[in-house]
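Number of protein chains: 2
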Amino acid sequence: MPGIIEDTSIEVAIVGGGIIGLSLAAGLIKHNVKVKVYEQAQGFREIGAGMAFTANAVQCMSLMNPDIVSALRSGGAVPASSDKDDPNVYLTWIDGFNSRDKDDPTYEKMLYRLSAGHRGFEGTRRDQFLEALVKVIPPEIVELKKRLNNIEEKGPNGRIQLNFADGTSAEADAVIGCDGIKSRVRELMLGEEDPASYPHYSHKVAYRALVPMEKAVEALGEYKARNQHNHIGPNAYLIHYPVANKTMINATAFLTDPGEWPDDKVTVVPGLRKDLEIAFADWNPCLRTLIQHFPEKLEKWAVFDTWDYPAPYFNKGNICLAGDAAHASSPHHGAGACCGIEDALCLCTLMSQVNDRLRGDESASKNKNAAVCSAFEVFDFMRRTRGQWLVNSSRRMCDLNQQIDWSDKSKWIKAETCFEEVRDRSFKIWHFDYDDMIKETTDAYAKRQPVTKGPESGAI
Amino acid sequence: MPGIIEDTSIEVAIVGGGIIGLSLAAGLIKHNVKVKVYEQAQGFREIGAGMAFTANAVQCMSLMNPDIVSALRSGGAVPASSDKDDPNVYLTWIDGFNSRDKDDPTYEKMLYRLSAGHRGFEGTRRDQFLEALVKVIPPEIVELKKRLNNIEEKGPNGRIQLNFADGTSAEADAVIGCDGIKSRVRELMLGEEDPASYPHYSHKVAYRALVPMEKAVEALGEYKARNQHNHIGPNAYLIHYPVANKTMINATAFLTDPGEWPDDKVTVVPGLRKDLEIAFADWNPCLRTLIQHFPEKLEKWAVFDTWDYPAPYFNKGNICLAGDAAHASSPHHGAGACCGIEDALCLCTLMSQVNDRLRGDESASKNKNAAVCSAFEVFDFMRRTRGQWLVNSSRRMCDLNQQIDWSDKSKWIKAETCFEEVRDRSFKIWHFDYDDMIKETTDAYAKRQPVTKGPESGAI
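In the order they appear, the protein sequences are chains A and B.
Under my numbering, read the first sequence as residues 1 to 460, first letter to last.
Under my numbering, read the second sequence as residues 1 to 460, first letter to last.
The list treats identical chains as one, so a pair stands whether inside a single copy or across any two.
The list that follows gives simulated cross-link-like pairs (lysine-lysine, DSS-like), each with its CA atoms no further than 27 Å apart:
1. K366 <-> K447
2. K414 <-> K428
3. K428 <-> K439
4. K265 <-> K414
5. K414 <-> K182
6. K439 <-> K30
7. K182 <-> K411
8. K411 <-> K265
9. K145 <-> K34
10. K182 <-> K135
11. K182 <-> K409
12. K447 <-> K34
13. K265 <-> K145
14. K274 <-> K215
15. K145 <-> K36
Since the hints were derived computationally from the structure, they do not count as laboratory data.
Construct all of the structure, not just a fragment, from the sequences and the given hints.
Right under this line is the structure:
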């Protein structure tokens, strides 16, 4: 019997050991699909940036493998709001530009509030989650220091050989690129000449700072400091929420930059608190005070995404892209990784069904390629529209936050009519029907005949 | 007993005898609410423009008064697509700009298609529907040649006196402005100095033409001519559908105009076919041929809306606004009147409940004002967000149709990622939950205490 299992199971190679790659690996392991992860870095030390997951994405993790959720929580995820009498998380938009007197009833006006529900957003540090996630996966599954060079066909059955920069290589029946915004798999799949192979500058820069809670309370007041708030105004916005067991707030300011940022230049450069002092000079005094508590030297991030040149397809033969590799979004929805988790759940469903289809098939080794290619076609059909919508919608959210009309009193009412759209876009993310996605994916794959691909078609 | 009915029933005055005013009147009559309609024109002859109603709006009409639907259909409403084997209506977006060879697979590419369902859109001529609608309403309900001058308080109970340009006046307990985009009631309510009292130029102009079906078939081919199609491209689009018992097509071209259009200038001026020949010079040959079948002299309409300066509220005391008077939308969703019909259903529900509340109340004549003011507050709460969303969304739909990226091959894929948003916006209109609106309206009114307003508060 083990012989048959050996023959009919596919082997999946995941390129990239980030949050999406490791979550997918954990899901495949749970669903008895053979998998290997190839990560170019020497280890899993990443930048300590904050990230958040919706309750909906946490459910998707749980459907792949409940251990992913345990890892998230053991990595210190906490709700992004911290009202101890109310477990719901609220996203609150307030007027950050208005610099009028504190007695004015429209001073720091609360413009809009949305409830994301119970633990609706859980914030965590990327590095801490990743560290906990690695422990979910047996060590032999992951290979470090494997920078992908290229991919080629191997043998008559469409099996793939991955060649790494260190001269080694590996084989697989299916390759999934989870290698992030600067994906090498995307570049190999679309070709080096295609502008869709690379992310482009979104003309926004971000500055982030951690501020001790007592200083934040001093500047913002008790309530605002301890709960997520988004201070919006013309051409900029500043969002903050409590982190580090509520001893600090994580604040991020997004500024519009009409200038260019060369594609080949590093996207993180030194920035100064002074830049923010200038950008927010006309804003609310409480924000200006908060910025005074930022360190003098900050990191400045150029925000890149795949908005200008989206990938025309997420699959080619037995190779496909997931997460940021497929659709790198700007961070204005705070949900880029959530969409990648949805991708992973879809792929987990499909890879498991590929194995079901092949089980007991005496010609399995010959039919694996066709079964995988069909599955990746279904993945492209199920996920491309949503992934690209998220990239567009994230840009739009930034535009709505940064409306120039916020600075013109005669246009305030118009500016405030944006929030129905903000709500619709947020709900489309938060209320994603993952059960329906699984059902539709399953049905579409069941209906689809295996795609017969010649050995050359999967080659890049 | 008739004496008690006399004492407790409110009297509603509707200003404006257009589609929304007359539909609301028909609804109020059906719900035993006393109503009078004051129309400034000498009769109900309107321009013979085409308009369409969603299946959803037709349901709303039916809930107000099934005779409205009979009037719509007797006025010649037909589905906007005419495939005799398929009763569903489809909205189809095709590439109108591509001027490549007919053999090119992307020639006139079908970019997106949405099903609006069974009789999903019914197109009619405004004048024909209006003529049929007038017959639903007893003649003594409608007074013609009543141009509203101003409104004043009358007596201690907040009753309103409407003063007309002909020197006559009328009284009512509640005034509903259904007087369209150039609403006098809005101007009186917000004040002549408020820019929200007037619509503003949307920087789009529209040209419309009727083309005989055989000429349309010649230019577009059998299928396109007989079914709704939207030809989109950079800075312009052209939409057409069959009318006049399918003997003609109604074609409308929308062009972007960066110039200004003074608010006090007439919005319909003479235009020339030559204007369109120039605007569409680089477009698909079949469209250019179609335009050759337009009359040489056309009407050119400047599209105005309330996008720049939305009304800060739809109600003030016992006066409120509905339809275009409240939220005048550009026509790019083809659903402005549908939203007005939703308003009318909400008001019909509320006015009927005001009467229920007052029935048997011995102080009814004193309490009418408070009951009406509360009802109009609920109306504003229920309808303002959606009405203003529609105005914004209609602008956005035009932007998505007219993306500059349609002219740049390297940006086509990006441009095509807009359709998920097109779908979401369309569905938000087509799938409106009117049952839920009625329930929420009823609950909100039941919970609300009567608003006590001094006699001055309703005055303008």
